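Participant: Sequence:
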Amino acid sequence: MKSLRGLTGLSGPQYFLLTGSFLIPLGSFAVLPFMSVLLHQQLGMGLGAVGLVLAVASFVQFAGGVVGAVVAERIGLQRTMLLALVIRTAGFAGFVPGLAHPAAAVAALFLVSCGAALYLPANKAYLVHRVADEQRPLLLSASGSALNAGIALGPLAAAPFVLSASAGLFTAVAVLFAAITVGHALLPVEAADHHPEREGVDPQHPPRHQQKPFAGLPVLPFAVTVLSVYVFMFFQHYLAVYAVPRTSTEFYGLVLALYAVLLVVAQPLLSGRIARMPYARSLRLGFAAMAVGMATLAFGHPGALLAGALLICLGEIVLFLKNDLEALARSPRAPAVVFGHQRLAAGIGAFASGIAGGEGYGLAEHSGYPGLFWAAVAVQCALLPPLLIHALRRLRPDSVTDR
Numbered sequence: 006m007k008s009l010r011g012l013t014g015l016s017g018p019q020y021f022l023l024t025g026s027f028l029i030p031l032g033s034f035a036v037l038p039f040m041s042v043l044l045h046q047q048l049g050m051g052l053g054a055v056g057l058v059l060a061v062a063s064f065v066q067f068a069g070g071v072v073g074a075v076v077a078e079r080i081g082l083q084r085t086m087l088l089a090l091v092i093r094t095a096g097f098a099g100f101v102p103g104l105a106h107p108a109a110a111v112a113a114l115f116l117v118s119c120g121a122a123l124y125l126p127a128n129k130a131y132l133v134h135r136v137a138d139e140q141r142p143l144l145l146s147a148s149g150s151a152l153n154a155g156i157a158l159g160p161l162a163a164a165p166f167v168l169s170a171s172a173g174l175f176t177a178v179a180v181l182f183a184a185i186t187v188g189h190a191l192l193p194v195e196a197a198d199h200h201p202e203r204e205g206v207d208p209q210h211p212p213r214h215q216q217k218p219f220a221g222l223p224v225l226p227f228a229v230t231v232l233s234v235y236v237f238m239f240f241q242h243y244l245a246v247y248a249v250p251r252t253s254t255e256f257y258g259l260v261l262a263l264y265a266v267l268l269v270v271a272q273p274l275l276s277g278r279i280a281r282m283p284y285a286r287s288l289r290l291g292f293a294a295m296a297v298g299m300a301t302l303a304f305g306h307p308g309a310l311l312a313g314a315l316l317i318c319l320g321e322i323v324l325f326l327k328n329d330l331e332a333l334a335r336s337p338r339a340p341a342v343v344f345g346h347q348r349l350a351a352g353i354g355a356f357a358s359g360i361a362g363g364e365g366y367g368l369a370e371h372s373g374y375p376g377l378f379w380a381a382v383a384v385q386c387a388l389l390p391p392l393l394i395h396a397l398r399r400l401r402p403d404s405v406t407d408r
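Residue numbering for the sequence shown follows the working numbering, beginning at 6 and increasing consecutively.
Everything labelled a hint here was simulated from the structure, so no lab data went into it. None of these values were measured; they are calculated from a predicted model. Cβ coordinates follow ideal geometry from the N, Cα and C atoms, glycine included. Careful: at least some of the hints might be erroneous.
As the list claims (entries may be wrong) - Each pair of labels, with its calculated beta carbon distance range: (1) Q140 / L168: 40 to 48 Å; (2) T254 / S372: 23 to 31 Å; (3) F21 / S372: 49 to 57 Å.
Make a model of the complete structure from these sequences and hints.
Facilitator: In structure tokens:
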């Protein structure tokens with residue numbers, strides 16, 4: 006509990022942002038998980054077109070974080086968050102006419118994705134702006150816990166209304182985002198960081214906003230984030246299709262609820278220990294938990310599904326938080342740029358997982374042993390991290406240092 010005491014001394018803007026970290030995904034995930042139903046069943050789009058729209062929108066949301074970071078460097082963190090929320094509010098409002106016009110629904114979805122790409126790097130950077138290094142793990146983990154709580158509760162809150170009262174739901178979400186936008190307009194503009202040694206005309210040290218988007222990229226945390234998200238998204242995408250036929254929708258819902266509770270509670274409690282842990286040890290621990298969890302899923306019975314999911318949750322807590330902290334520590338760039346790089350890494354990992362996972366799960370299911378899919382993912386969790394680090398040591402020896 007000692008690590009949670011730091012939450013009692015936060016500033017008003019930090020409390021507001023942590024509250025927003027819950028409300029924003031609550032509103033977003035009241036709508037976004039049901040997009041395939043809206044586009045396919047209500048608007049008549051083919052499944053191939055639906056899949057393409059959702060894949061591109063997801064990639065824009067993740068990879069666009071690099072653009073969001075550049076914008077934040079140029080116009081500031083508070084202004085970038087405000088611009089992003091105006092765009093997202095317009096997007097959610099656009100779903101109302103989108104109920105009758107597929108083009109309007111697709112345009113609204115892309116507005117929401119563009120807004121998310123702009124908002125998230127600036128949000129994290131504002132949250133940790135000018136705070137002591139030892140406070141960053143708790144703030145980032147608390148923000149992540151609030152976000153995951155919103156993600157878990159959003160679909161549950163919206164499920165009774167999404168088909169029977171779609172227009173009312175979309176209007177309510179747009180109003181929620183409008184209120185959050187007003188709150189962000191009242192946030193103070195962050196104080197500028199001063200770098201006197203870089204204020205001259207020395208071309209070797211241009212001002213931060215004039216640096217190339219990928220200058221100062223911390224290669225190792227970036228690559229490990231790609232790999233972490235790649236293996237994790239197999240679980241995210243395919244647990245439902247594997248678990249429900251072997252148990253029930255109720256049991257699957259229970260697994261997701263317990264997963265969310267563990268994520269929300271454990272991440273802030275463990276944040277200080279994860280921050281102090283050497284990076285190499287955290288990678289061994291995180292990927293080991295992922296590997297054992299995936300292998301446990303392969304047994305397929307209810308106890309194995311629950312145990313495997315909770316082990317994977319522990320791996321997610323360690324890897325995702327530690328990669329962000331390590332990227333901040335290794336990069337000379339502003340936090341918004343670092344978080345933009347990390348969002349891009351997550352997008353690459355999710356995209357690669359989506360390409361490999363569909364074919365892989367299909368092959369395992371057709372063989373009659375779908376548990377082989379999880380065994381194969383477990384092998385990747387065990388073998389790919391050391392192979393990645395070995396390859397980086399050969400190609401970029403300066404990028405892989407012991408910490």
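Participant: Hint by hint, note whether the structure agrees.
Facilitator: Right, here's what the structure says about each hint:
In this structure the hint that Q140 and L168 lie 40 to 48 Å apart at CB holds, the actual value being about 44 Å. Between T254 and S372 the Cβ separation comes to about 25 Å, which falls inside the hinted range of 23 to 31 Å. Under the hint 49 to 57 Å, the C-beta atoms of F21 and S372, about 52 Å apart, fit the expected range.
Hint violations for this structure: none, all hints satisfied.
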